[in-house]
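There are 2 protein chains.
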Amino acid sequence: MAIVVPKLKFSPPQILAIGYATLILLGTVLLMLPVANTTGRALPLIDAFFTATSAVCVTGLVVVDTGTFFNGFGQSVIMVLIQIGGLGFMTMATLLALVFQRRISLRERLLLQEAMNQGSVEGIVRLIRRVLYYSIVIESVGALVFTVRLAFDMPVGQAFYYGVFHSISFFNNAGFDLFGHFSSLTAYTADPVMNLAAVLLIVLGGLGFVVLSDLADLPRKKKLSLHSKLVLSTTGVLIAFGFVVILLFEWSNPGTLGRFGLGGKFWGALLQSVTPRTAGINSVDLTSLHQATQFLLLILMFIGASPGSTAGGVKTTTFAVMIGAMLAMMRGREDVVFFRHRLGRDRILKALTIILLALALIITVAMVLSVTEDHDFMLILFETMSAFGTVGLSLGLTTDLSTFGKILIALTMFSGRVGLLTLVYALKPKKDPEKYRYPEGKIIIG
Amino acid sequence: MAIVVPKLKFSPPQILAIGYATLILLGTVLLMLPVANTTGRALPLIDAFFTATSAVCVTGLVVVDTGTFFNGFGQSVIMVLIQIGGLGFMTMATLLALVFQRRISLRERLLLQEAMNQGSVEGIVRLIRRVLYYSIVIESVGALVFTVRLAFDMPVGQAFYYGVFHSISFFNNAGFDLFGHFSSLTAYTADPVMNLAAVLLIVLGGLGFVVLSDLADLPRKKKLSLHSKLVLSTTGVLIAFGFVVILLFEWSNPGTLGRFGLGGKFWGALLQSVTPRTAGINSVDLTSLHQATQFLLLILMFIGASPGSTAGGVKTTTFAVMIGAMLAMMRGREDVVFFRHRLGRDRILKALTIILLALALIITVAMVLSVTEDHDFMLILFETMSAFGTVGLSLGLTTDLSTFGKILIALTMFSGRVGLLTLVYALKPKKDPEKYRYPEGKIIIG
Ligand SMILES: [K+]
Ligand SMILES: [K+]
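Top line first, the protein sequences correspond to chains A and B. In this text, residue positions in the first sequence follow the numbering used here: the first is 9, and each later residue adds one. In this text, residue positions in the second sequence follow the numbering used here: the first is 9, and each later residue adds one.
Honestly, I wouldn't trust all of these hints.
Said to hold, decoys possible - Calculated lysine-lysine pairs in the DSBU-like style (CA-CA distance at most 35 Å, straight line): (1) A/Lys229 with A/Lys358; (2) B/Lys414 with B/Lys231; (3) B/Lys358 with B/Lys237; (4) A/Lys358 with B/Lys237; (5) A/Lys237 with B/Lys229; (6) A/Lys231 with A/Lys358; (7) B/Lys414 with B/Lys229; (8) B/Lys358 with A/Lys358; (9) B/Lys230 with B/Lys358.
Said to hold, decoys possible - Simulated restraints on C-beta separations: (10) B/Gly188 with A/Thr411: 47 to 55 Å; (11) B/Ser260 with A/Val156: 57 to 65 Å; (12) B/Ile307 with A/Gly244: 28 to 36 Å.
Just so you know, these hints were derived from the structure itself, not from any lab. Glycine included, every Cβ here is placed at the ideal spot set by N, Cα and C.
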């Protein structure tokens with residue numbers, strides 16, 4: 009997989025990681041500038057670094073309030089970082105190449121394959137062209153809806169600016185908002201237009217471009233790929249499950265859904281069920297949720313959204329494969345079968361590896377933070393999970409983080425975005441050759 | 009696997025589950041009797057049921073204090089329940105058969121195979137004979153050491169009674185103690201004799217009789233089985249890891265290790281590292297531990313001890329296989345290799361299934377309890393994990409449990425002891441025949 013370039017030798021994952029890191033550094037410098045915020049003083053390096061990482065990794069954890077601290081220039085920098093980070097640095101670079109009609113080389117296709125996590129090189133270029141197209145169309149429609157709705161509450165110019173910012177932020181599952189004082193969508197808990205638009209943008213952004221592309225081809229091809237079927241069904245089940253449990257747990261909680269009528273309860277439960285996959289906006293006060301509901305969000309954040317999307321987490325397909333493997337074992341079957349197709353054994357191993365690596369990282373980070381930060385463990389675990397899943401939901405720890413804590417959470421966001429496996433391969437790109445096979449041994453399990 | 013007996017048809021797992029349930033009911037009746045406790049009044053049904061389940065499932069979660077509430081008769085009932093539950097109902101039945109020189113039939117061997125979780129029928133009978141031998145020898149030595157040590161603190165007769173009770177309780181990883189007022193070993197934090205004896209009893213009990221048998225054969229055979237090597241190395245790594253992290257986190261915590269010298273710190277860290285596998289005794293106040301340390305105990309309790317032992321949890325080998333699968337994946341290898349032997353794919357699937365089923369059960373129970381019990385989620389999760397792993401450590405929830413909570417925790421202990429897979433097979437004993445194999449499909453993971 010290693011590719012020779014003049015003098016230096018980088019693997020695609022390494023180039024990907026370096027690309028994201030460079031973008032974060034650039035963002036840090038811009039956000040530090042006194043002209044980027046409303047105070048006129050320079051933002052401390054660590055806070056600028058944290059904000060840039062959060063934007064590039066489309067997380068949405070914030071140490072300063074985006075709406076009140078940053079001015080138009082600062083907010084625009086964040087918006088651009090979100091858009092580039094969301095579409096993916098590598099995808100973006102290729103899009104530029106496409107725009108300039110340059111021929112795509114095999115090497116560039118391999119880089120793209122890594123960035124999009126696609127199984128085959130074929131069709132990658134066509135997919136990338138569509139990424140730009142879909143993003144523009146969906147984000148434009150979203151911006152239009154938000155603008156019309158917000159024009160009832162604010163001047164049309166501001167409504168348009170808000171519309172564009174939030175459409176980009178929500179579709180890229182970035183979780184940044186301009187509503188001020190860390191309020192996110194809490195002023196719109198029962199608002200059907202805001203919620204419907206937000207939910208659709210988040211879900212579409214979280215399905216992944218491969219699935220969107222497949223859906224667009226549906227009228228012509230009359231069938232979906234196995235991957236798309238699995239993503240759509242898993243996403244549907246997760247949303248429905250979260251919706252029902254949140255509704256059940258929070259129905260009469262005066263701090264959250266209890267004070268709303270049926271409409272507010274419906275939209276509140278739906279948005280909070282959708283947001284851990286991995287938007288990071290919220291329309292109720294998360295700290296007022298029952299601890300069981302917070303724990304449910306924790307699990308949903310861990311699962312996250314789908315591969316090749318703008319979102320983080322271990323991914324819906326990984327989760328589905330684990331469940332499929334469990335069901336197969338319980339039914340005494342040898343194969344993991346979805347929609348009349350069995351999965352290769354390597355898929356199960358990869359899913360397992362991702363889940364274990366993610367768990368190990370999250371637990372380690374949370375334990376270290378519980379030593380450096382003087383806060384409840386649940387709060388710390390929630391924040392760590394949110395950072396790893398690039399979700400952006402917080403029970404309030406972000407603004408209290410020590411400098412060390414900010415750096416650690418920023419690095420966790422980076423790992424979550426670039427992908428653990430990519431990072432592991434980047435650190436250890438050479439495979440040892442498998443010399444010979446050992447005889448099979450017997451052990452007792454469970 | 010289903011075996012025909014006159015008129016009724018039970019699979020070995022079903023017989024196993026029924027055996028444990030019968031023992032629990034018998035214990036409940038005995039512990040309810042007014043003559044079993046020091047108050048002279050009948051213990052409420054639910055509390056007797058909970059205590060009997062806790063004893064049979066060698067868990068050690070208690071709603072009434074064993075040392076002060078029960079009298080000699082009640083404590084003896086608990087001790088017998090622990091011994092029978094620990095050695096395993098089925099093992100015990102066969103031991104009786106052996107004692108009476110009855111021939112062991114194939115059917116009885118199959119039942120034993122299920123109970124001992126052994127891969128082959130061969131050697132089972134020999135193993136069972138050893139179970140009784142090892143238990144008597146190890147428990148006798150343990151009782152002697154405790155008696156001598158405790159004779160310095162109390163009359164010799166009481167010291168002997170305490171010695172026998174605690175040796176049985178600790179070797180079977182039951183976690184019951186007579187020291188009163190839920191104090192467990194907190195009066196002996198820095199005591200070398202008490203701690204060394206306790207640690208050895210717990211570790212030996214948690215290795216599993218297969219490994220003990222293998223170790224006894226070591227001088228003659230000069231080699232250990234793959235299973236024993238894996239159990240011993242995983243147990244060693246877990247104890248060392250827990251020891252170092254606990255020492256690090258609690259070194260200067262005035263509520264736990266901070267008030268002790270080097271000896272107390274050493275023994276305190278060691279005992280608390282060993283006890284989640286799955287003894288359930290404690291020598292420091294668990295509620296005073298840092299939350300990060302409590303979380304570490306939570307993870308260690310989830311892993312638990314080794315298969316075929318007196319302990320619960322998902323088991324050390326299950327954990328080792330998961331880690332092995334992850335490392336193989338990361339190194340680009342196709343096989344999971346331990347000690348120059350590769351593992352069958354079915355081992356990985358079984359390990360994965362056990363872990364996922366356990367997680368699903370624990371999370372579901374904890375979420376239900378967080379609705380019915382008015383307590384911190386961490387407390388509830390800890391209690392649920394402790395019940396499932398049949399560990400018996402508690403942050404104090406047990407005595408506050410509602411009747412519903414007691415029933416749910418008792419059922420969780422039962423699932424943890426009988427084994428989730430056994431339970432699942434017991435509920436669904438018939439395998440669907442695998443009619444044909446589906447073509448392989450492609451999806452994107454992570
Ligand atoms: K996000
Ligand atoms: K126990």
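Hints numbered earlier in the text: which of these fail when held up against the supplied structure? The structure breaks hints 2, 5, 7; every other hint is satisfied.
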